[in-house]
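Engineer: The hints should help you fit chains B and C onto chain A, whose structure is shown.
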Amino acid sequence: MKKTLPRIARFLAILLATLSLAGTVLAEDTIKVGILHSLSGTMAISETSLKDMALMAIEEINDSGGLLGKKIEPVVVDPASNWPLFAEKARELLTKEKVAVVFGCWTSVSRKSVLPVFEELNGLLFYPVQYEGEECSYNVFYTGAAPNQQAIPAVEYLMSADGGGAKRFVLLGTDYVYPRTTNKILRAFLHSKGVADEDIMETYTPFGHSDYQTIVSDIKKFSTGKRTAVISTINGDSNVPFYKELANQGIKAQDIPVVAFSVGEEELRGIDTKPLVGHLAAWNYFMSMNTPENKAFIAKWQAYVKKHNLPGGAARVTNDPMEATYIGVMMWAHAVRQAGTTNVDAVRQAVAGQSLKAPSGYDIVMDTKNHHLHKPVVIGEVQANGQFDIVWKTPGPIRAEAWSPYIPDSAKKTADWTYPWVCGNCEKAKY
Amino acid sequence: MIRLTRILFALALVGLLRLPAPALAADAPEADDYAKAVAGLASDNRQDLLASLETLARLADPRAQAPLGALADRRLKSDGAGHAIIVSKDGATAVDAVTGENYTGPLGALSDPPVNNLVRQHISAVISSLALASPDPEQRLAAARELADRPVESARAGLKKALAAETDDRVKSLLEQTLAQIDLKSPDKAARLAAIKAIGDSGNSDFLPALRQVVDRQDKSDLLNADGDIAEAAARAVSSLERRDLAVRAARDFFFGASLGSVLLLAALGLAITFGLMGVINMAHGEMLMIGAYVAYVVQEFFSSHFPNFADWYLPAAIPLAFAVTAAVGMLLERTIIRHLYGRPLETLLATWGISLVLIQTVRLIFGAQNVEVRNPAFLSGGFELVRGLTLTYNRIGIIVFVIFVVALTWLLLNRTPLGLSIRAVTQARSTAAAMGIFTSKVDMWTFGLGSGIAGLGGVALTQVGNVGPELGQSYIVDSFMVVVLGGVGKLAGTIFGALGLGFINKYLEPFSGAVLGKIIVLVLVVVFIQKRPQGIFALKGRTAE
Amino acid sequence: MAQNSTTLLTPAAWTAFGIAATVLVLVVPVLNLALPATSALHVPDYMIALMGKFLCYAMVALAIDLIWGFTGILSLGHGMFFALGGYAMGMYLMREIAGEGVYRSQLPDFMVFLDWKELPWYWHGFEHFWFAMLMVILAPGVFALVFGFFAFRSRIKGVYFSIITQAMTYAAMLLFFRNNTGFGGNNGLTDFKHILGFSLLESRTKVGLYAASALALAGTFLLCRFVTASKLGRVLTAIRDAESRVMFSGYDPLRYKLFVWTLSAVLCGIAGALYVPQVGIINPSEMHPGNSIEMAIWAAVGGRGTLVGPIIGAWLVNGAKSVFTVAFPDLWLYFLGAIFIATTLFLPDGVVGLGRLLSCRKKGRNRDRS
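Protein chains in written order, with our numbering: chain A, 1 to 431; chain B, 1001 to 1546; chain C, 2001 to 2370.
For reference, chain A alone in the conformation it holds in the complex (with noise of 0.2 Å):
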């Protein structure tokens, strides 16, 4: 016992002196950037091509000559998929790092978790995938599509005759934030098209889940004597055994198309496509879009995998979070040149109104009041060498809707950064 006296506290000091010397940086010329993406744990699987694109973005930079006259420093860690974790790293990246910006996240419960520590540390983010919207932070800007901009314009392709004139509709998804706010938007758009609660079916399943024999049987049941559409919200994993029992079962695309909103190139790559032949899946980007500007752009990606030896190699893919983190990065260079500096209020102003020439061809703008892109709309074939069919595209980019006007209670909102409404989501101006 006699031992533990000046052992113990021998080890608390070491241990408060390695922690507090841990923080000490050593001033170099670079402007760091942090890169908040899991590389392991569930999410790692869509993830880890972020950071890659992200790395990718920022070497473009740095070979051209930098950011006001330095180089960009990518800090990258690895959150783990915990999304307590989320919030400790981000904080580490702002306080310890001091990084000028963070291009991260993917699961809304990792924003969730993380806004909290940038609204008060005043930080910026760059969010890059598609997300069920009700909401507008003065320190994010949302790079992924909002649900006016994908769930509904899908929507509404498939109740027209070219998208086979669905008159009833399953809203299938994975039981989280995600799919029930946007299927409670689809739900409120299909009434208002006159689609009755009968022809709409509501079903969630839990994360990873893997059997979907009893659900596609209920499909194929629900689906006779009118034209039916499955819109699917299901999460990543799930989707290979949910489309394998679909072509098991013998639905075709034809008779029952179904529009997926999380699946994309990379989820295709490890998937077995001959059974998703003909379904749909609705983004603001696909891969196969034949534009000068993709195709450097695809060019430059497999250069960037190839110098790097990424695992994967040439199957590696670009999809739309891919094309988002790149557009991310992108625009935040040009503000930080614009305002002449990465102070975070300067750059704020610099990046509303922002446009640039997307790899989707489109001239892509960052809204000048709501801090999200102006996005297309693109619907796609699956076809089978895993590459999407492009059937349908708005003719140009469509404003984004933070608040979803067919919520009752969002309707009410507006996201208006910019005098005299100066608030993400008030339903006055403050001024």
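Please note: incorrect hints may appear among the correct ones.
To give an idea of the interface, some chain A residues facing chain C are shown, with a C-beta separation under 8 Å as derived from the structure [what the hints assert, rightly or not]:
id, residue
1, 39
2, 87
3, 96
4, 116
5, 176
6, 184
7, 193
8, 199
9, 202
10, 206
11, 207
12, 304
13, 367
Calculated from the structure, these hints are not laboratory results.
Using N, Cα and C, we set each Cβ at its ideal position, and we do this for glycine too.
Structural biologist: Relative to chain A, chains B and C alone:
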């Protein structure tokens, strides 16, 4: 929608024409129309494409089946000069769709017509309407099935004519059902009664919603027009269909439960063997499943690049290889780490969890964090419809068969080989077996290898029903434990009953409680069951679970 | 391993304890609040939150040591008790911000987007702090009592018990993931703004929570020491080493096991309640079986059966994790896995055991020399 009706209306013409093409070919103006319509299939405008389809339906020329089939297969393309070119299945040659001459231009310059789901619907409708006149009864059957899905009033006359001339019983019954569906809305009461009776007799519960609508309408309709006969007939038909529906659903849940149970069994069998022998719960067991799945992936890639003609045979090749690889990994782990923790099961649990982290990260670094694609071979794709409403999918049937095979093999190994004898001896009484001269540490190693190898086989089977990614094992680990705990250790029968039991309970609960609650209820049931019988269903050791 | 004396702590130990407590509770907050940010000794804000987290984890490790190190029951489901306490606190914090959420509604945000019109019955009462604190103790406590009663009564032991605790936490996780269960589903409870009127964004509040965690840890340590040094503690150790013999000696292990099991669950719950305001979110993934297994490793790495060991273990493993996820984002899982394997293989008595071994060797060498 209207276009579709028009196409089906063309059935009326088809019903009259039961003769193959040559009779038509002689008619010159029609031949021109035919040629124009087929060429129109290669149009780059979707409206023109649909119009051509309509024309082909009207013409009812059976020759159209070939170009239409090619179009559905994405093999009919445009050469840019208004000609439709059909590419052969192997993509090497191409012929003109109308004249049949060889196409000499570059295949790469051909473009695809704008086919989407809507177009495909029309293509199927036209193909079926043409096929109904085919001399081949199988083709007529397939066509009749397609039409049964889309009963339209305007097709009535055509259907009646086709029915009158039909000789095949199966096709006949399908056509009758389709007619009956249309007749449900007929103004003629006798026709409606006959239709209701026909549907009730057909046993096809897909028509339940339509029948229920009839019953509803009767209840709500004007007293003057209410017809007791119709209401009664409809109610009778509904109840007979509902009874049948219940039976089908029970059969369906049985099949689903069996297939889920077989997957669980495969995942848990190796664990049961290891745990029974060594009292070691191997938390890295899920990763053995994962390694087996990745072996299947690697073999698949190897076959596709070196033996593309036998690509589908990667599966049989992967099975022994997966067993060998995972058994080797298991034995290595046993020799290096687990052996030193003998007698400390709780530490082993933690150590194997650490091993699982290392294995997951290794696989992630080699293959990437994303899922990898493992294709279903052709002989395991699709399913067959036993009865309407119950489709048995081949991949799950394959897994059930495979599991039976694996269990049989394991039983043979455990009961008919010297190694099996040693394993059983050490499981039942370790010190006595050692005293009898059995090298218990060697047996430990072989058992661990066997358990891991079976898990590897399980992984190969799992590639056919789910994803293959680094975290594959994590989703099966808790279920495997439940099976082992429920079934008890030391006997194969325990694991089998445990797995099948859990599979059935899960599937029978699901329609009532939903997927999530069903799973929770199953877990709670297992925990409660364990209170009553701690050693599991079939136990080898004593009364208390030690 | 067993403490011979029945006194709480030896004078030397008391001094050590006092120093540690003073440093943690007083010195660190002063270094954070009083010193300017540029000073070399300043403890940065994020460090306070981090250390507060580690203190809560240390409490959990102590709780696990109580049932595993001293009673021989390995629970792989303590994450559930931790989360239950956390949820109780979270529910209080959600009720605190009624009307300030995104939808400006009296109901929490997630209920608004689920279209619920009123608060479910099990949410009533959480607007009062004392009620929430009561639930922090009762929710894990009662659940542990019921579960433990049935489990121990049927004399489930060893690995079987560990597995069903895993099933227990897994089922709870699935239940809480359901949005319809009413606890925020996958998003959990988040967007906290203030506690007892103090804003959660201010340094003062953070330091206050940190100090509370440190005090709670000190209290837990003393409580555990009291339990294990008493006669009850000796029965526990006896149950760990030879349960049948204890039964034959006339003691009913059920009561002792149940007591210590419930106590450890309540301690976990309190730790969870202190954890949640410091990280700002409570989410069902806290109940993931993997988390609970990691908690057991903290106790193992530090040294089971000593009370100091788990505290050290919790700090060491989590500190390593924090460092490695930044320094080696691609490889940190290897380190974690290696720690698991190395500890169980080479350090069965943990870091404390290693320390003892080294000091014994030194003593032996000194004796030889003299």
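Engineer: If a hint holds in the structure, say so; if it does not, say that too.
Structural biologist: Comparing the hints with the structure gives:
Given hint, residue 39 (chain A) at the interface with chain C, holds; its Cβ is 5 Å from that chain's nearest Cβ, closer than 8 Å. Checking residue 87 (chain A) against chain C: minimum C-beta separation of about 6 Å stays under 8 Å; hint holds. Hint on residue 96 (chain A) holds. Least Cβ distance to chain C is approximately 6 Å, under the 8 Å limit. Taking 8 Å as the C-beta contact cut-off toward chain C, the hint placing residue 116 (chain A) at the interface holds, the least distance being around 5 Å.
Checking residue 176 (chain A) against chain C: minimum C-beta separation of about 4 Å stays under 8 Å; hint holds. Interface hint status for residue 184 (chain A): upheld, as the beta-carbon distance to the closest one in chain C is roughly 6 Å, under 8 Å. A least Cβ separation of about 20 Å between residue 193 (chain A) and chain C goes past the 8 Å threshold, and the interface hint is therefore violated. A distance limit of 8 Å between C-beta atoms decides the matter here; for residue 199 (chain A) the minimum to chain C is near 19 Å, and the interface restraint is violated.
Of the supplied interface hints, the one on residue 202 (chain A) is violated, with its beta-carbon coming no nearer than about 12 Å to a beta-carbon of chain C, more than 8 Å. This hint holds: residue 206 (chain A) has a C-beta 6 Å from the nearest C-beta of chain C, less than the 8 Å allowed. With 8 Å as the threshold, the beta carbon of residue 207 (chain A) comes within range of chain C, its nearest partner Cβ sitting at about 7 Å, so the hint holds. Against a cut-off of 8 Å between C-beta atoms, the interface hint on residue 304 (chain A) is violated, since the closest Cβ of chain C lies about 17 Å away.
Interface restraint check: residue 367 (chain A) against chain C, minimum CB-CB distance 20 Å, threshold 8 Å, status violated.
The structure does not agree with the numbered hints 7, 8, 9, 12, 13 stated previously, though it agrees with the rest.
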